[in-house]
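One point on numbering: in the numbering used here, the residue at position 130 of the sequence shown is 130, and numbering is uninterrupted.
No lab work stands behind these hints: they were computed from the structure.
This list has only true hints and no planted wrong ones.
Only pairs whose alpha carbons sit at most 25 Å apart, straight line, appear in this in silico DMTMM-like list of lysine to aspartate or glutamate:
#1 K227 with E183
#2 K103 with D10
#3 K227 with E71
#4 K227 with D162
#5 K227 with D203
#6 K227 with E186
#7 K44 with D11
#8 K215 with D94
#9 K103 with D34
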Amino acid sequence: MPQTLLLAEDDRAIRHALERALTLEGYQVTAVADGVEALAQAHKSPPDVLVLDVMMPGIDGLQVCRVLRAEGDRTPILMLTALVETADRIAGLDAGADDYVVKPFDVEEVFARLRALLRRTGSATGTASAAGTTGPGAAAPGVREPEPPAERLLTAAGLRMDPQARRAWRGGRELELTRTEFELLELLVRNAGIVLDHSTIYDRIWGYDFGPGSKNLAVYVGYLRRKLDEPGAPQLIHTVRGVGYVLRED
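Full structure from sequences and hints, please.
Given below as structure tokens:
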């Protein structure tokens, strides 16, 4: 079955050109012109991946992203933006986007980034792929699921992770992580005590290296630190300047 893709772009020429290119690449594309249509279509028929333009009239791409994430939808999202400032890109990641492409872009770069996003998610869609919280056997709303058997957990530096259910804990506190945050933390836990360089992390998490000027990794490490760190407790993710990051409990 072809992978389904929802494209939201208000520029008609770009929308039609990208829709054609993505269709020829093998995607089943639904193209809409604004954020209102994008949300309606995402609710009606959840796609495998979304491509959202940031600047759209009415509800823009960032707002679409925030709404879907607030609803628990973890479908991968690629943002298209003409804004080149780091703060603008960080705003997209903060809204819950998984990646972005800066306009004007090469369509081959869009293809590569979509392939990387879908590899990471196994083409799973919507909330059913988020954290094992939906579908048969999931706990009812408001009911806390018990922790899995110890033999199923990854443990390091006071952290526990269940890759199968995509859940993580520090001490008695369960962590609320996005897909990318979970995958980054899992990589660090599996390599606890080992310094991982930037290019290795980019390759394992995003599927390609953004280059030396990228702030993506630093942004996500910052997200993780805010969720992991506790007053009076040791910091777990350490920066090794000029190299990368390591997970350890000093």
